[in-house]
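Protein chains: 2
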Amino acid sequence: MERVTLAHGSGGIESNRLINDLFFSYFNNEVLCRQNDASLIKSISGTLAVTTDSFVVSPIFFPGGDIGKLAVCGTVNDLCVSGATPLYITAAFILEEGLNMCPLEKIVYSMAKAAKKAKVKIIAGDTKVVEKGKCDGIYINTTGIGVLEGYELSQKLEVGDQVIISGTIGDHGACIMSKRKHLSFQTSLKSDCSSLDEITKRILDISSNVRIMRDPTRGGLATTLNELLAYTDKSIMVYENAVPVKEEVQSFCDLLGLDPLYMANEGKLICIVSKEDSKKVLSALHQHPLGQDAAIIGEIIPDSSHKVYLKTSLGAAKRLSPATGELLPRIC
Amino acid sequence: MERVTLAHGSGGIESNRLINDLFFSYFNNEVLCRQNDASLIKSISGTLAVTTDSFVVSPIFFPGGDIGKLAVCGTVNDLCVSGATPLYITAAFILEEGLNMCPLEKIVYSMAKAAKKAKVKIIAGDTKVVEKGKCDGIYINTTGIGVLEGYELSQKLEVGDQVIISGTIGDHGACIMSKRKHLSFQTSLKSDCSSLDEITKRILDISSNVRIMRDPTRGGLATTLNELLAYTDKSIMVYENAVPVKEEVQSFCDLLGLDPLYMANEGKLICIVSKEDSKKVLSALHQHPLGQDAAIIGEIIPDSSHKVYLKTSLGAAKRLSPATGELLPRIC
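If you read the protein sequences in the order shown, they are chains P and H. Per my numbering, the very first residue in the first sequence carries number -10; after that it's consecutive. Per my numbering, the very first residue in the second sequence carries number -10; after that it's consecutive.
Think of the hints as simulated: they come from the structure by calculation, not from any bench.
If several chains are the same, the list does not tell them apart, and a pair holds so long as it fits within one copy or across any two.
Quick list of in silico lysine-lysine cross-link-like pairs, DSS-like style, CA-CA up to 30 Å:
1) Lys31 / Lys145
2) Lys31 / Lys105
3) Lys223 / Lys31
4) Lys145 / Lys110
Sequences are here, hints too, so could you generate the full structure?
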């Protein structure tokens, strides 16, 4: 089977062959294939949103996705939760010498499919090859450009605003962990890796009172809620009973002493919206396959210490701190 | 000395500390520091140019620069040679567990300095940490956004068009190679790593007949000339005697049996311009410190096989093929 060699990163004939045969054939679009040092795209009117992410997930293939799908969805989602419509992404590959072409092709195919689904074009790319042992198969960077078509999210919270999660939490984290711990029993755990463009559009179409959206990836729901409070003078009360968790994720977490609130998600969003609009946002989410398990899980409370509290099923309130240390390296 | 740990890539408290203390303090600008999932930038009117590159150079510090300076200049230059004014870049880091904070800080400082010099803002970032042995210290991806303020380069060549190089060739390649081969003698070789924004602006201001600009990085002058011919029906004759090469680069190449025509540059550009405008472009280049050694090195000839020929100092013409195989991995 053909393998990646250092020559594929040389900028010479082999690099060109890889680009033409693999990347251009899957990512095919006229902007990319013009093959200039920079790609030219026509003027975009409106405020632009820009985000960048490198993906180093291990393993590179997992139930529900692979590093390619993740690299597209992850960047698309960062644009979506900023209130932007994703338009373009770039894709830069760091490949390890000796990587088989077959998984590489699967990953590239997967990126092309995810990009098509999210209606983004892959307009620029780069390939570097490093010596065996200087990478772990493949790392991918994607950078996304989108445009604000609706309103700019205020990022300002008001007491009584409702905190909505678009579905069950911890699916991606539990899935990756189950594949990494080499557990001897079979699980049905599957990553939730998906692009959120359709549901963020629905939310913004139906409500003009969305304050903040975030996708709770690394660090999970608890860490992301803490982060979004950083520049506010409010706090959040989360109702433990209301937080949707799949039974298999909960069992997996119970088994290993983990908390789904801190486990990564790759196809979920947090939406904080005015109390008045919360029911219609929830109902819009319920009508989409990716939002079927959406739930109101908490609310903004008048506590200027910008903390996240959890009202447990027993009725006690405890503080939910941001994650510290490293639960699982290379989750995304 | 403090070192990078896996916790710095967790998305939790340690990640946040690294972002705030290191990246924000050097890259400080209001767009970046708002710290959303995506950064919002005001509408840009005009055609946009977008480019992405990952940098895996080894060693990460070398005479004339480091991986940080290279990551900024490399992406800035891809925008410049497309005829665009660079505006924004993103910076995504893959760090190896155990990397010392001290070189990391030097690199970040170096990026901030290079960005300031090239008048670009670093508006979005990402940090991932991989386990020891899964990276080589640090890899950086930069993605650039620029705007076409002048005219769009035609990319069409006419017979008689002149090929200009902005300075001596092979400096970066020879410098990196000298540091990698662990040569026992001292050399004065220095990378030419610099941003080309000022000289591309001068060129475009003075001539409206620039056909193509390219920066001859990986694969060197010979490979880049071959690439730019790919979609044309013309060929190029290069005059060997006219190609500027520093004496120390030539000696180094002679010693190792290398050809400067295939060695990487990181602060040089090829400009193909109409014969009428070639003298004034050359003279504009000569007036800038980065263009002092600029020279007309060849011309477009009516040969539809789109090949690059070299008229040697002995008067013979031989074909200059694109690079094949791998001269030196991780040159950029």
